[in-house]
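Number of protein chains: 2
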Amino acid sequence: MITQKLISEIRRKKSFLCIGLDVDLNKIPKQLLEDEDPIFSFNKAIIDATHHLAVAYKPNTAFYEAYGINGWKSLQKTIEYLNENHPEIFTIADAKRGDIGNTSSMYAHAFFNDLGFDSVTVAPYMGKDSVEPFLAFKDKHTILLALTSNEGAFDFQTRKIASEEVYKTVLSTSKNWKNAKNLMYVVGATKAAYFSEIRKIVPDSFLLVPGIGAQGGNLAEVCKFGMNENVGLLVNSSRGILYASNGSDFAEAARKEAKNLQQQMESILHAV
Amino acid sequence: MITQKLISEIRRKKSFLCIGLDVDLNKIPKQLLEDEDPIFSFNKAIIDATHHLAVAYKPNTAFYEAYGINGWKSLQKTIEYLNENHPEIFTIADAKRGDIGNTSSMYAHAFFNDLGFDSVTVAPYMGKDSVEPFLAFKDKHTILLALTSNEGAFDFQTRKIASEEVYKTVLSTSKNWKNAKNLMYVVGATKAAYFSEIRKIVPDSFLLVPGIGAQGGNLAEVCKFGMNENVGLLVNSSRGILYASNGSDFAEAARKEAKNLQQQMESILHAV
Chain C
1 MITQKLISEI RRKKSFLCIG LDVDLNKIPK QLLEDEDPIF SFNKAIIDAT
51 HHLAVAYKPN TAFYEAYGIN GWKSLQKTIE YLNENHPEIF TIADAKRGDI
101 GNTSSMYAHA FFNDLGFDSV TVAPYMGKDS VEPFLAFKDK HTILLALTSN
151 EGAFDFQTRK IASEEVYKTV LSTSKNWKNA KNLMYVVGAT KAAYFSEIRK
201 IVPDSFLLVP GIGAQGGNLA EVCKFGMNEN VGLLVNSSRG ILYASNGSDF
251 AEAARKEAKN LQQQMESILH AV
Chain G
1 MITQKLISEI RRKKSFLCIG LDVDLNKIPK QLLEDEDPIF SFNKAIIDAT
51 HHLAVAYKPN TAFYEAYGIN GWKSLQKTIE YLNENHPEIF TIADAKRGDI
101 GNTSSMYAHA FFNDLGFDSV TVAPYMGKDS VEPFLAFKDK HTILLALTSN
151 EGAFDFQTRK IASEEVYKTV LSTSKNWKNA KNLMYVVGAT KAAYFSEIRK
201 IVPDSFLLVP GIGAQGGNLA EVCKFGMNEN VGLLVNSSRG ILYASNGSDF
251 AEAARKEAKN LQQQMESILH AV
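Here the protein sequences come in this chain order: C and G.
All residue numbers for the first sequence refer to UniProt numbering, where the first residue is 1 and numbers rise by one.
All residue numbers for the second sequence refer to UniProt numbering, where the first residue is 1 and numbers rise by one.
Calculated directly from the structure, the hints in this document are not laboratory data.
A few of these clues could be false.
Derived pair list, reagent style DMTMM-like, types lysine to aspartate or glutamate, alpha-carbon separation capped at 20 Å [as the list claims (entries may be wrong)]:
1) G/K178 with C/E151
2) C/K160 with G/E164
3) C/K160 with G/E165
Chain C extracted, bound-state conformation (with noise of 0.2 Å):
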């Protein structure tokens, strides 16, 4: 998908809600239980519900690795899902990968190829000749860990590379990277100050953005520091949307959990 596409849906929309499918068998209605796909009947369930209120669906592949081929199954049946009913859904693999580059291309290729993603994120760690792999794939995105919403993150991001925090380093350096224009960044919404900052490095680029909700993080906080003049903001959800309700209700319940967020994002939308 193209940037542009995505941008037109956000106005078209008045949403820049992405939601998480951290799907965990121990937490979905016990009846789905009993389908043969239970994962697969779970996001049908939640993306028939809420599909009008989200522009983005990020499937975080560790969920579905914990359930072996069969799990590996359930996220080739959401993505084509995804891809045949709502083409117009911007969709990202949660994977975190990076490797040297022959094996870069081989995730790369699993994830825009294969299984047909839009994006997927990647860690930045092995530098330059890790990421540019994922790069070279035309409407495709990588969405470069910068700044995680996580606890960890003051472990090395936030500390100074010279007189500069890594997670800076890691903005500067990778805009110079071939195809760069190709380039996301996540940033965890549980670190809203640091947003502006973000800004100054990387004005143009979409950010995507976990840590409402579960992990504490602020929305408007967010917009107030991170949104740019194409709102430039992806904002996920996963499990305050997911396991809303454990029962028969949850499509409903995830529903009105994502119109909640949507219609937070439509009146700061409107009032920017």
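Fit chain G to the given chain C structure using the hints.
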């Protein structure tokens, strides 16, 4: 596998060779492509031909994910074959994962419990709480990326946090994480000059060393600066062994390449 078992296998086999199972269908002998599972057939033949020369095997998950569900099945069959027939072999899922706590737990479950690997490679960028869920598994090992073998390692890893290189900060910080005894580190063979610095920080840890062969690393140099009294090294070769021949003699050619490396290791072990 407990570390002491790995050390005794290194002594017994006079080898610290790790063979990377990075299987590319474009590179394996054509006649295998008619098999039901060519990747597993290839791996089985390589393992049968080399298991007496190597102490570890390291499938790189990218090469399996690139073939979707069939690839995942091949990975599962490969680790099952190793665990059933060669329980003395140390197995490494070269997956380079790392995410927020609940997600890292899912990955750890996938690789340690579901697939049954002895260890997994993990990227440090997200810090302590992204790695500790892996470390929590008893008798399982977490191999943290410290200084990787690729050119991009110079983008961030060798930059300085205050006055210390980032990879050194990763080493020294990770030593204080809970269950740090389960840590090993990835250090590229192409960075041999750095090994003595690394040994000042982590004298006792095992180092997984990629980059011999195709990437240009030198075994003698690595051993000179990186070996400790328990050897403390697992030196990996992937392409150099796997694709020594693409004819029907591929397994025999792989055995010869493995034997060549093992004999170099034996004379180094004999000399020290």
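Quick rundown of the hints versus the structure:
Of the supplied pair hints, the one linking G/K178 and C/E151 holds, its CA atoms being roughly 15 Å apart against a limit of 20 Å. Taken as a hint, the C/K160 and G/E164 pair is honoured in the structure, with Cα atoms around 10 Å apart against an allowance of 20 Å. Between C/K160 and G/E165, the direct Cα distance comes to roughly 10 Å. Compliance with the 20 Å bound is thereby established for this hinted pair.
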